Amino acid sequence: MDWDAAKLKELIAKYGESHGGELFNPQFRRVADKIFSKSGTRLAPYSGIPTFLTAPYMEIDNDKPDFKDLQVAMIGMPMDLGVTNRNGSRFGPRALRTIERIGPYNHVLDCAPVHDLRVADIGDVSFRSRYRLEMSHEDIERRVGQIVDAGVLPLSIGGDHSITHPILKAVGKKRPVGMIHIDAHCDTGGAYDLTKFHHGGPFRNAVLDGVLDPTRTIQIGIRGAAEYLWEFSYESGMTVIHAEEVTGLGIPAIIARARQIIGDGPTYLSFDIDSLDPSFAPGTGTPEIGGLTTREVLDLIRGLKGMNIVGGDVVEVAPQYDSTTNTAHAGAQMLFEILSLMVFSPAISGGKSDA
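Note that the numbering used here has the sequence shown beginning at 5, numbered continuously upward.
Be aware that a few hints might be false.
Only pairs whose alpha carbons sit at most 30 angstroms apart, straight line, appear in this in silico DSS-like list of lysine-lysine [as the list claims (entries may be wrong)]:
{"id": "1", "residue 1": "K68", "residue 2": "K178"}
{"id": "2", "residue 1": "K72", "residue 2": "K356"}
{"id": "3", "residue 1": "K72", "residue 2": "K18"}
{"id": "4", "residue 1": "K68", "residue 2": "K42"}
{"id": "5", "residue 1": "K13", "residue 2": "K42"}
{"id": "6", "residue 1": "K18", "residue 2": "K38"}
{"id": "7", "residue 1": "K177", "residue 2": "K72"}
{"id": "8", "residue 1": "K356", "residue 2": "K309"}
{"id": "9", "residue 1": "K177", "residue 2": "K309"}
{"id": "10", "residue 1": "K309", "residue 2": "K72"}
{"id": "11", "residue 1": "K18", "residue 2": "K68"}
{"id": "12", "residue 1": "K178", "residue 2": "K309"}
{"id": "13", "residue 1": "K68", "residue 2": "K309"}
These aren't lab readings, by the way, just hints derived from the structure by calculation. Since the model is a prediction, treat every value here as computed from it, not as a measurement.
Given these sequences and hints, build the entire structure.
In structure tokens, the structure reads:
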């Protein structure tokens, strides 16, 4: 069949001289108007000073913090003193900042989070010492405490997974929170090598500190040979879904289970890059084969839309083990997805959950 000449003429008249931001579908135009200038140009993805998801940078004083009207603060935590295997996740925040072309539009959730929220990259935690793990945790708790006290949601980029314990101490200090934890490991191990603050034990510590509700915690993607270390997860009442169960259960059923367990209460979302199979994300300190796919995790996170997300993190990206940058790219995409969830979180006053 010959091409419809009338249709072609119509398309030429409508689009022949239009610029990239000149769109006619109201849904698409709403997004384009936030991104393109009136002349039809937008910032090149490789230009400017790198920030998380190309968000604005905002410098916040350590001693007299003023977050103005910010709703979400993205903050780097370049610290990996708690690793038990390969280090290097201290380079994670820098790697994620350099990733280009994540967003700005989430077509599945229909939002442009950097534009729909008042969000900024507020830099990195200022650590007093690069050598002292417990002091670094104190620095994290203090900084995240400032964010929470200002009524701002923290979105943190590590760094090893030990950072989540002090984050939860700040986020859950008024009431324990629930958690959706996507990881290859439960991270509920006990003390060894003279410390309990390593990256294999943050969630045991958080429960024992009274800031994490284990009965409102679900751990997804768990696998590997360390199952015997995760007794605390089962004893405390956490729900554990192993990677081997994911295909049989299906992502929709796992989402439904998470919603049932978590309910409407305040919820933290922690994403460890090693939840992904090493074929997708080799750049991490403790890789485990047989992991989740990027599409499975995207579907899982997007399925949490509307939940009461009060904070989140992306951890354990160690970019030096991946020359392709695929690991950092996957980490940045998951960061974008968590930020997208915050657009619809009841924790954001005046946000889309109120619409």
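Going down the list of hints, with the structure as the test:
1. K68 - K178: holds, 22 angstroms
2. K72 - K356: holds, 20 angstroms
3. K72 - K18: Cα-Cα ~43 angstroms, so violated.
4. K68 - K42: Violated, at about 38 angstroms.
5. K13 - K42: holds, 26 angstroms
6. K18 - K38: holds, 21 angstroms
7. K177 - K72: holds, 23 angstroms
8. K356 - K309: holds, 11 angstroms
9. K177 - K309: holds, 25 angstroms
10. K309 - K72: holds, 27 angstroms
11. K18 - K68: It is violated: about 53 angstroms lies between the C-alpha atoms, which goes past 30 angstroms.
12. K178 - K309: With a Cα-Cα distance of about 24 angstroms, the restraint between K178 and K309 holds, given a limit of 30 angstroms.
13. K68 - K309: violated, 34 angstroms
Consistency note: the structure conflicts with the earlier hints numbered 3, 4, 11 and 13.
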